[in-house]
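With chain R held as given, fit chain E onto it using these hints.
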Amino acid sequence: AQSVTQLGSHVSVSEGALVLLRCNYSSSVPPYLFWYVQYPNQGLQLLLKYTSAATLVKGINGFEAEFKKSETSFHLTKPSAHMSDAAEYFCAVSPQVTGGGNKLTFGTGTQLKVEL
Amino acid sequence: KAGVTQTPRYLIKTRGQQVTLSCSPISGHRSVSWYQQTPGQGLQFLFEYFSETQRNKGNFPGRFSGRQFSNSRSEMNVSTLELGDSALYLCASSLDQYSYEQYFGPGTRLTVT
Chain R
3 AQSVTQLGSH VSVSEGALVL LRCNYSSSVP PYLFWYVQYP NQGLQLLLKY TSAATLVKGI
63 NGFEAEFKKS ETSFHLTKPS AHMSDAAEYF CAVSPQVTGG GNKLTFGTGT QLKVEL
Chain E
105 KAGVTQTPRY LIKTRGQQVT LSCSPISGHR SVSWYQQTPG QGLQFLFEYF SETQRNKGNF
165 PGRFSGRQFS NSRSEMNVST LELGDSALYL CASSLDQYSY EQYFGPGTRL TVT
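Quick mapping for you: the protein sequence lines, in order, are chains R and E.
Following the numbering used here, the numbering of the first sequence begins with 3 at its first residue and continues without gaps.
Following the numbering used here, the numbering of the second sequence begins with 105 at its first residue and continues without gaps.
For reference, chain R alone in the conformation it holds in the complex:
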């Protein structure tokens, strides 16, 4: 069984400040990990993915995440927040097994608010 836990359902930062969204995973097999973003009334957009290559993953819009096996974490960061980053962010996990990659288990989401 796999699961992800996102700490903090709401995070508020000032424009230009560091963004840190936390995700911890639980998996009985090596996981693949993902971060998605959802803007109001839209579907999900893939920000970045970890598929057991480099542990530091760079994604779109200046976001990056680091896979830390010892901490079972995959936190999302961005050095400088922009107003356009305000959205809901989801961490997701899928099993690293043949044919299982598209069965995502999502966290409960973190709503990011960016203030002037």
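Since the hints were derived computationally from the structure, they do not count as laboratory data.
Take the hints with a grain of salt, since some may be wrong.
To be verified - As a list, the in silico DSBU-like pairs of lysine-lysine whose alpha-carbon atoms are at most 30 Å apart:
1. K115/R / K60/R
2. K161/E / K51/R
3. K70/R / K115/R
4. K71/R / K161/E
5. K51/R / K115/R
As the list claims (entries may be wrong) - Among chain E residues calculated to face chain R with C-beta under 7 Å, some are:
6. S137
7. E152
8. L194
9. Y204
10. G209
Stated by the list, open to error - Which stretches of chain E does chain R cover? Using the computed rule of at least three CB atoms under 8 Å from a CB of chain R, they are:
11. 138-151
12. 195-203
Note that the coordinates shown come from a computational prediction; the quantities given were computed from them, not determined experimentally.
Beta carbons are placed, not taken as given, at the ideal position from N, Cα and C, and that holds for glycine.
This is chain E only, laid out in the frame that chain R set:
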């Protein structure tokens, strides 16, 4: 290249009715997955189709079913609708069952009254 399209975007149905939602994947993508998003349960995996075959299934009752056509388009059906089926239904496509990169459509907002 056009993205994933879902029709209809909004739907209102009455309890007990059935509904069919449609998803057209990105051209060339052969895997289609469906997810349900609700405020209470969050995002939950329904099923995945590849080459017209269901490859994975989530923990949903048999009232939820789907299919995929030879052109990779997919439909999902919910029979005997319940109030709790009100949700945003998201479709995602990927190249195949191994690509681990899914592209989501805008969703169909289903309201059951």
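Tested hints:
At most 30 Å may separate the alpha-carbon atoms for a hinted pair to count; K115/R and K60/R meet this at roughly 22 Å. For the hint linking K161/E to K51/R, the alpha-carbon distance of about 22 Å falls within 30 Å, and the restraint holds. The straight-line distance between the Cα atoms of K70/R and K115/R is roughly 26 Å, inside the 30 Å bound, and the hint therefore holds. A distance of roughly 28 Å separates the Cα atoms of K71/R and K161/E; the hinted pair therefore holds under the 30 Å criterion.
For the proposed pair K51/R and K115/R, the alpha carbon gap of about 23 Å is at most 30 Å, so the pair holds. Interface hint status for S137/E: upheld, as the beta-carbon distance to the closest one in chain R is roughly 5 Å, under 7 Å. A hinted interface residue such as E152/E counts as satisfied when its beta carbon comes closer than 7 Å to some beta carbon of chain R; here the least separation is about 5 Å, so the hint holds. A least Cβ separation of about 6 Å between L194/E and chain R falls short of the 7 Å threshold, and the interface hint therefore holds.
Annotation: interface hint on Y204/E holds; nearest CB of chain R at approximately 4 Å, less than 7 Å. Because the closest C-beta pair between G209/E and chain R is about 5 Å apart, less than 7 Å, the hint holds. For the stretch 138-151 of chain E, the proposed coverage by chain R is satisfied: 5 residues have a C-beta within less than 8 Å of a C-beta in that chain, meeting the threshold of three. A stretch counts as covered by a chain when three or more of its residues have a beta carbon under 8 Å from one of that chain; for the stretch 195-203 of chain E and chain R the count is 5, and the coverage holds.
Checked against the numbered hints given earlier, this structure breaks none of them.
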